[in-house]
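On the provided structure of chain A, position chain B as indicated by the hints.
2 protein chains.
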Amino acid sequence: MKNKYNNIKVIGFDADDTLWVNETYFREAEEQAGRLLSHYETPNKIDQELFKIEIKNLPTYGYGVKGFVLSMIELALELSNGTVSNQVIAEMLKIGKAMINKPIELLDGVEDVLKQLSKDYRLIVATKGDLLDQERKLQKSGLLKYFHHIEVLSEKHDINYKQLLKRLDIEPEAFLMVGNSLKSDILPLVSIGAQAIHVPFHTTWQHETVSKKEANGAEYKTVKSLTEILDFFSANK
Amino acid sequence: MKNKYNNIKVIGFDADDTLWVNETYFREAEEQAGRLLSHYETPNKIDQELFKIEIKNLPTYGYGVKGFVLSMIELALELSNGTVSNQVIAEMLKIGKAMINKPIELLDGVEDVLKQLSKDYRLIVATKGDLLDQERKLQKSGLLKYFHHIEVLSEKHDINYKQLLKRLDIEPEAFLMVGNSLKSDILPLVSIGAQAIHVPFHTTWQHETVSKKEANGAEYKTVKSLTEILDFFSANK
Numbered sequence: 004m005k006n007k008y009n010n011i012k013v014i015g016f017d018a019d020d021t022l023w024v025n026e027t028y029f030r031e032a033e034e035q036a037g038r039l040l041s042h043y044e045t046p047n048k049i050d051q052e053l054f055k056i057e058i059k060n061l062p063t064y065g066y067g068v069k070g071f072v073l074s075m076i077e078l079a080l081e082l083s084n085g086t087v088s089n090q091v092i093a094e095m096l097k098i099g100k101a102m103i104n105k106p107i108e109l110l111d112g113v114e115d116v117l118k119q120l121s122k123d124y125r126l127i128v129a130t131k132g133d134l135l136d137q138e139r140k141l142q143k144s145g146l147l148k149y150f151h152h153i154e155v156l157s158e159k160h161d162i163n164y165k166q167l168l169k170r171l172d173i174e175p176e177a178f179l180m181v182g183n184s185l186k187s188d189i190l191p192l193v194s195i196g197a198q199a200i201h202v203p204f205h206t207t208w209q210h211e212t213v214s215k216k217e218a219n220g221a222e223y224k225t226v227k228s229l230t231e232i233l234d235f236f237s238a239n240k
Numbered sequence: 004m005k006n007k008y009n010n011i012k013v014i015g016f017d018a019d020d021t022l023w024v025n026e027t028y029f030r031e032a033e034e035q036a037g038r039l040l041s042h043y044e045t046p047n048k049i050d051q052e053l054f055k056i057e058i059k060n061l062p063t064y065g066y067g068v069k070g071f072v073l074s075m076i077e078l079a080l081e082l083s084n085g086t087v088s089n090q091v092i093a094e095m096l097k098i099g100k101a102m103i104n105k106p107i108e109l110l111d112g113v114e115d116v117l118k119q120l121s122k123d124y125r126l127i128v129a130t131k132g133d134l135l136d137q138e139r140k141l142q143k144s145g146l147l148k149y150f151h152h153i154e155v156l157s158e159k160h161d162i163n164y165k166q167l168l169k170r171l172d173i174e175p176e177a178f179l180m181v182g183n184s185l186k187s188d189i190l191p192l193v194s195i196g197a198q199a200i201h202v203p204f205h206t207t208w209q210h211e212t213v214s215k216k217e218a219n220g221a222e223y224k225t226v227k228s229l230t231e232i233l234d235f236f237s238a239n240k
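Chains as they are written, first to last, in the working numbering: chain A, 4 to 240; chain B, 4 to 240.
There could be a bad hint or two in this list.
Which copy? The list can't say, so a pair holds if one copy fits it or any two copies do.
List of simulated lysine-lysine pairs, DSSO-like, C-alpha gap at most 30 Å [what the hints assert, rightly or not]:
| hint | residue 1 | residue 2 |
| --- | --- | --- |
| 1 | K165 | K122 |
| 2 | K7 | K59 |
| 3 | K227 | K48 |
| 4 | K148 | K48 |
| 5 | K224 | K118 |
| 6 | K55 | K148 |
| 7 | K227 | K105 |
| 8 | K48 | K165 |
| 9 | K224 | K7 |
| 10 | K97 | K12 |
It should be emphasised that the hints constitute simulated quantities derived from the structure, not laboratory data.
With the rest of the complex left out, here is chain A (with noise of 0.2 Å):
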């Protein structure tokens, strides 16, 4: 332990269910659609139809809420085969709005782990989603002050975070990610050569799990919650 974090110098972030509360928003909207469009279809097929949208218009409309609302429309029109009343797109748009305005809800520990990491090591945050939507979320958040740099990625494979370390002038050796995601957050980062710590979240989108067999004989750590990430920076020193 003591060996494989003493090249580290600089630690990255996720920030969506890393740092703050945001799957469960998406399950609750998702929860809402259901019971719009419970006329026209069981909570079960709507949350697989809704999926099945979001994933053939991700390549267009990429993350984050606003995507996700003209996909929730999208299927409205569909399931309903184009009967769906005035009164249920407009709940949808403000369904996507409230997601977009809600507050921040901390994870626990999470100011803490980063005050304690911010006096010996380079925080950043390595977020992927909408840029305003993660701006926002940001500033909100009041955490602002702990990260030397934001990054908003469009994508979180091998070549943006290799990308983003050559452009932040980092070594691979020298960079720890954490983050709640295996998919986004951690095998990239372990197929790098990187370091990566894992605090699973309760949910996950259907669409960044990974299955047993691609996460085979990857080396990372897995902690249950964010604050025991400082042990081992402790038994660093």
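Showing chain B alone in chain A's frame:
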């Protein structure tokens, strides 16, 4: 002239309507919206109301096609008093996807200018808008190879440019910005002590226009087409 650009080391380019056509597609989409809603209002009134809704939603949705489509749908619900057909909504979703997937139409001389300037200067892109959209457009444009850095900003105020230059370790005096929007690409740069060259595009979104008074006294060059800026730099050598 000679002295003015002697210190320049880095040249920043706006993207939409500076490197390639963009606003034209929004105008076309607005005309389509006008036809789709012609049942309820005159084209002129529809334009005005759409603009109002866009500006109202700007703090929530930000710039880009997705927010535009959501605003267009909101307008349809409002103007029709909740009676617009599903078909119209479906058409609006289609308009948005078509806008996002448009091929890139480079403006005259763009590639030449970038090729020439990239020999002697570091070139960067500083663009406002949707992260995924802008990255995709740059990819499709074939222009990526000329740029050292791409920055997608959620806003283009003085502070955003200041932070960008600081992060990239560029002195304002060593920076020249080139773009079509007085409000976003020119005035903020002049205000922070950098240089700016205005290349007007034939169409400007109402939100990007500035009054004569706001621009009063600001020192910047205006050229008719991008290729003209080469003259300043060859004269400079």
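Here is what the structure says about each hint:
1. K165 x K122: Classified as both: same-chain Cα gap 25 Å, cross-chain 26 Å, threshold 30 Å.
2. K7 x K59: neither (40 Å within a copy, 51 Å between copies)
3. K227 x K48: Cα proximity of K227 and K48: none, with 32 Å in one copy and 56 Å across.
4. K148 x K48: Result: close neither inside a copy nor across copies, 44 Å intra and 46 Å inter.
5. K224 x K118: Answer is within: at 21 Å inside a copy they meet the 30 Å cutoff, but 47 Å across does not.
6. K55 x K148: Neither: 39 Å inside a chain and 35 Å across chains, both beyond 30 Å.
7. K227 x K105: within (26 Å within a copy, 45 Å between copies)
8. K48 x K165: Result: close neither inside a copy nor across copies, 39 Å intra and 49 Å inter.
9. K224 x K7: Intra 11 Å, inter 55 Å, cutoff 30 Å: intra-copy only.
10. K97 x K12: Neither. Shortest intra-copy (43 Å) and inter-copy (47 Å) distances fail the 30 Å Cα cut-off.
Hint check: violations occur at hints 2, 3, 4, 6, 8 and 10; the rest are consistent with the structure.
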